[in-house]
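Residue-level listing of the chains:
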Amino acid sequence: MPERRAHAADETVLETRGLTKIFGGLIAVNSIDLKVHKGEILSLIGPNGAGKTTVFNVVSGIYRPEFGDVFFRGDRITGKKPHQIVAHGIARTFQNIRLFPDMTCRENVMAGRHCRSTSGLFSSVFRTPGQRAEENKIRETAEKRLRQVNLWKSRDDLAKNIAYGSQRMLEIARALASDPALLVLDEPSSGLNPRETRDLMAFLQGIIRDEDVTILLIEHDMNMVMGISDWVVVMDGGRKIAEGIPEDIYADQRVIEAYLGKDDEDTTAYDVPAEH
Amino acid sequence: MEQTPLTGIGKLASSRQLHVALATAVFLLYPFMVSNYYIDIAFYFGIYTLLGLSLNIVLGEVGLFDLGHAGFYAIGAYTTAILNTKFGIPILVLLPLSALAAALFAYVVCSPIIHLQGDYLLIVTLGMGEIVRLALINNPFDLTGGPNGVFGIDFPSLGPWLVIDSSLEYYFLIWLIVGLTILGLTRLQDSRIGRAWNYIREDETAANANGIDSRSYKLLAFVLGAALAGVAGNVYASKLMCVSPESFSFWESCLMFCIVLIGGMGSIPGVIIGAAFISLFPEIFRPFAMYRMLIFGSAMMLMMMFRPGGVWPRKRGAVKYESLLEGTGRTDA
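In order, the protein sequences belong to chains A and B.
Sequential numbering of the first sequence, starting at 1, is according to my numbering.
Sequential numbering of the second sequence, starting at 1001, is according to my numbering.
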């Protein structure tokens, strides 16, 4: 068995046990066991319709699983509502970017602080000192995150008016604003050009290095998956068909079959990647 | 050392203060220059502004279609009317009570329907407004007086020394309430609650995924909107000295809807303009009264075609925010 080159492989941040999600007659996710260790980047890959996004939606509380459990830092979070799960420390982005289009970039990022603040109706109407201090804290964090993704100059622009690549980064900044322990990214590189993808990889490696965060990723860009993952889990038809370090997954016969179908003649269609 | 994020908008703030000061001066002087008739028109302008502001929370800030808002207005007015005529409770004491009654009603009625989206919610709230009106007509427990309504409602008074019984005093009462409401709502807009409402309007799934409990915030909008409509009902009931079901028809809900749509969803100045249009226009063009619906209808259609955001939409990003971190050495964090 390949060794997991995680940074602190002993601590599990997220664990799913026998996770199953059924839509009508379709078993979208079939008994998935997943273990994400602290400080690693785990990539979930697989062909279209493999059930990757469904796993994300169950973990982030958008769907309730039929069977199985989700544990986050020791707490059972199965079936909790999305807003409760964010408060637990899991922040996510969406495959098709979901910003608040007619609000400014700054307001978008401030959304991430909502679960970390508490001001109510009366303190907001009467502008109590506590409320004002909290608002300043929200603004500071939003500024920090906007600067981190180089969007501070666009702070007063509407989110719908900035470039596509910037919108992707803005969504990540919004997720990071909640200071998550686990960042769940659904195809962050889709729609990005190679240069932007490289910047994104460097950015993700940077936050893994500098912050107390773990990343769970769905990704189709194989260069990115192989370049930054510590561990790769492959899904097909709702099942987990393989997992391992990127190099092994790259050469795994089952994975190649899942992507390309069975073919006796040409199974070496991929170039074997250079050492990372 | 207190950091104020508003230092960069000093100029804007002072020009805004100037506008507010000018508007206040006009409102203070206006009633002393015109006859009682025009003071009453300004009073109804105030009532519609308050109703528009209350619906604006639900429709403008959160984007929930509520076409039964007259129901909340009616609950407030009838709470005042019944408790005052039957038990002699003073009108000003009933002001918060009417708000509370309307809010409670909204909480109970909206809890089971709050998950409905778009048009579905519109239909259900429309039904709710009609049920309230029909219930009032049917005179339950001999309380509401049926189609005739309740009459003999007192003037608001603070003991014997301040009795609000003239057009002038009502004018000041309603605009004082409107002014305080605008102050409170402006502050709410720029708080985490106002933002949460807007996030839900923009994308509810994304809002949930960012930690906003959309259900609670939608309910809060309904409850707060209903409370303000209840306040308007209280003032309206005591001004007219009687209430009857026909004052709270579907048409009233439509007018409130128009106020918010014409003015600009989620825009407080927009609501004032919309209310002015709805309440002043028919008075100014009295001779064309029979064409009122025609003109309103065409105006709405033209608005939707050429200015879908309303006359005065809320402009986001107009206030430039300065850095809080620059100079603190944390900008490269």
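Since the hints were derived computationally from the structure, they do not count as laboratory data.
Glycine included, C-beta positions come from ideal geometry on N, C-alpha and C.
Just so you know, not all the hints are guaranteed correct.
Unchecked claim - The calculated DSSO-like cross-link candidates involving lysine-lysine, where the alpha carbons are at most 27 Å apart (straight line), are: (1) A:Lys-137 x A:Lys-153; (2) B:Lys-1086 x A:Lys-137; (3) B:Lys-1086 x A:Lys-144; (4) A:Lys-160 x B:Lys-1086.
Claimed, not checked - Sample of chain B residues lacking proximity to chain A, with all beta carbon distances greater than 10 Å (derived): (5) Met-1033; (6) Ala-1135; (7) Leu-1188; (8) Asn-1198; (9) Ala-1206; (10) Ala-1207; (11) Ala-1209; (12) Ile-1212; (13) Cys-1254; (14) Ile-1295.
- Message: Please check whether the beta-carbon of B:Ile-1212 is more than 10 Å away from every beta-carbon in chain A.
- Response: Check fails; 5 Å does not lie beyond 10 Å.
- Query: Holds or violated: is the Cβ of B:Cys-1254 farther than 10 Å from all Cβ atoms of chain A?
  - Reply: 26 Å, holds
- Item | Reported absence of B:Ala-1206 from the contact zone with chain A (all CB gaps over 10 Å) | 4 Å, violated
- Task: Please work out if B:Lys-1086 and A:Lys-137 have their alpha carbons no farther apart than 27 Å.
- Result: With a Cα-Cα distance of about 52 Å, the restraint between B:Lys-1086 and A:Lys-137 is violated, given a limit of 27 Å.
- Does the claim that B:Leu-1188 lies off the interface hold, with its Cβ farther than 10 Å from every Cβ of chain A? B:Leu-1188 is in fact no farther than 10 Å from some Cβ atom of chain A, at 6 Å.
- Given as non-interface: B:Ala-1207, which should sit over 10 Å from chain A by C-beta: About 7 Å separates B:Ala-1207 from the closest Cβ of chain A, which leaves it inside 10 Å; violated.
- Hey, does B:Ala-1135 actually stay past 10 Å from chain A on C-beta? Check passes; 30 Å lies beyond 10 Å.
- Item | Outside-interface status for B:Ile-1295 - nearest CB in chain A farther than 10 Å | B:Ile-1295 clear of chain A: closest Cβ-Cβ about 30 Å, beyond 10 Å.
- Is the Cα-Cα distance between A:Lys-160 and B:Lys-1086 27 Å or less? Since the Cα atoms of A:Lys-160 and B:Lys-1086 sit roughly 56 Å apart, the hinted pair is violated (cutoff 27 Å).
- Task: Check the non-interface label on B:Ala-1209: least C-beta distance to chain A beyond 10 Å or not.
- Result: Answer for B:Ala-1209: violated, closest chain A Cβ roughly 5 Å.
- With 10 Å as the threshold, tell me whether B:Asn-1198 passes as away from chain A on beta-carbon distances. 6 Å, violated
- Below or equal to 27 Å on CA atoms is what counts here, so check B:Lys-1086 against A:Lys-144. Roughly 60 Å separates the two Cα atoms, so the pair is violated.
Hint compliance for this structure: hints 2, 3, 4, 7, 8, 9, 10, 11 and 12 are broken, all remaining hints hold.
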